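Number of protein chains: 2
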Amino acid sequence: MATELPGTSRPGGRTERTRVAVLRATLDLLAEVGFIDLTVEAVAERSGVHKTTVYRRWESREGLIAAALRFGTDEPWSPADTGSLVADLRQMALEVVHALTTPGQRELPTAAVLAGFHSERAAEALREFYQDRHARAAVIVERAVARGEVPADTDPDEVTRTVCGPVFYRLFVSREPVSEETADVAAEAGGAAARAGVLRRRLPRSGDGS
Amino acid sequence: MATELPGTSRPGGRTERTRVAVLRATLDLLAEVGFIDLTVEAVAERSGVHKTTVYRRWESREGLIAAALRFGTDEPWSPADTGSLVADLRQMALEVVHALTTPGQRELPTAAVLAGFHSERAAEALREFYQDRHARAAVIVERAVARGEVPADTDPDEVTRTVCGPVFYRLFVSREPVSEETADVAAEAGGAAARAGVLRRRLPRSGDGS
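Those protein sequence lines, which keep their order, are chains S and L. Reading the first sequence from the start, the letters are residues 1 to 210 in full-length UniProt numbering. Reading the second sequence from the start, the letters are residues 1 to 210 in full-length UniProt numbering.
The hints are simulated quantities; they were obtained by calculation from the structure and are not laboratory data. Computed from a prediction, not measured in an experiment: that's the story for all the values here. Note that beta-carbon positions come from the ideal geometry of N, C-alpha and C, so glycine has one too. Don't take every hint at face value.
As the list claims (entries may be wrong) - Reference excerpt, derived from the structure (chain L facing chain S, CB under 10 Å, subset only):
#, residue
1, 34
2, 86
3, 165
4, 169
Given only the sequences and the hints, what does the whole structure look like? Please build it.
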């Protein structure tokens, strides 16, 4: 874990290696023991970086966890391009279902959602992450608009929330099982709502329709 | 709190008073301090019931919290009957928005969702609660079917999940604000998806269309 190429000694190299080692250890521990039981001591031990160095850089347990969540979600992602709105949405929903149900994979996103309840800084990191994902998912709706499948002023974020909402609701609120069928239903619902024109951008009171 | 009529001395009266006092104290503390920091000691102190009595009856902290969640959600609820599907759904979504955002009210449902992450017994209590709410909400779709607004085999639970999912998603996952507009959008999306026929009951593989 946190293996680095030997000999990377450019300026900042060591600092960067330390940063990566600490943040990876934090993510691993978050997945293993969860938000509540994660300690800076355990992160220090796992990463081989002294506790005082961790505190000097990240100030607090909460700051460290928020930084790790940002680091762990800082990977490029782009949605599938299948040629149809509902099929694109289904792929996105399936990715969510798999990410949140596959053992060895689901632990980290689950711990991240949980951390959001306990820490305002973790909640802020979550907010940024989903904002980024919404922005990346927007191309699904842009392509559907270009194909004439949905109205030109369809709000991509609302489509994403309509599709992903029920998956998370089942998992974390109503505590019901999720499956590929869950993804199918959610994608078709989001697609139908978009086509019906009820997920258009809503403008502030002054509202011109551009 | 937990005020009882004096002189209720029928068989079981005292036991019932004790039960109610303990479960109310548990709910109050859950809202005040949250799942993690709730102790049986504090419940005993708040309720005036001895700790050993609490353990004798509920076995563990987790068992006590699960029982309190069942007790606290054991109130009758029925959805508004406005005469139209989307308006009924909007009322339901608004109730969810208000319950989860009003200070002094939002603490308990938020603590309950959080408890579901930490305790399988709490998750089971949540599951039962939402199952019950889904069952009670089904009349919204039944009335819409009777009015000919949606196909006869529309699945009421899927409509409820489509409407409530995005509200919870914003609050607990993407950490975005919710408002009455959130309820409007969610209700219209659920209504449009139901009308489009994409939220019908799905039958097992053998699937005859009855």
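Note to self: Please check whether residue 34 of chain L passes as an interface residue: C-beta within 10 Å of a C-beta belonging to chain S.
What the structure shows: Hint holds; residue 34 of chain L Cβ to chain S Cβ min 8 Å, cut 10 Å.
Check: Taking the closest Cβ pair, is residue 86 of chain L under 10 Å from chain S?
Finding: Given a least distance of 9 Å, the restraint on residue 86 of chain L holds.
Check: Does the CB of residue 165 of chain L sit less than 10 Å away from some CB of chain S?
Finding: holds (3 Å)
Checklist line | Residue hint residue 169 of chain L, partner chain S, criterion CB-CB below 10 Å | finding: Where the cut-off is 10 Å and the nearest Cβ of chain S is about 4 Å from residue 169 of chain L, the hint holds.
Going down the numbered hints, you'll see the structure goes against none, and every one checks out.
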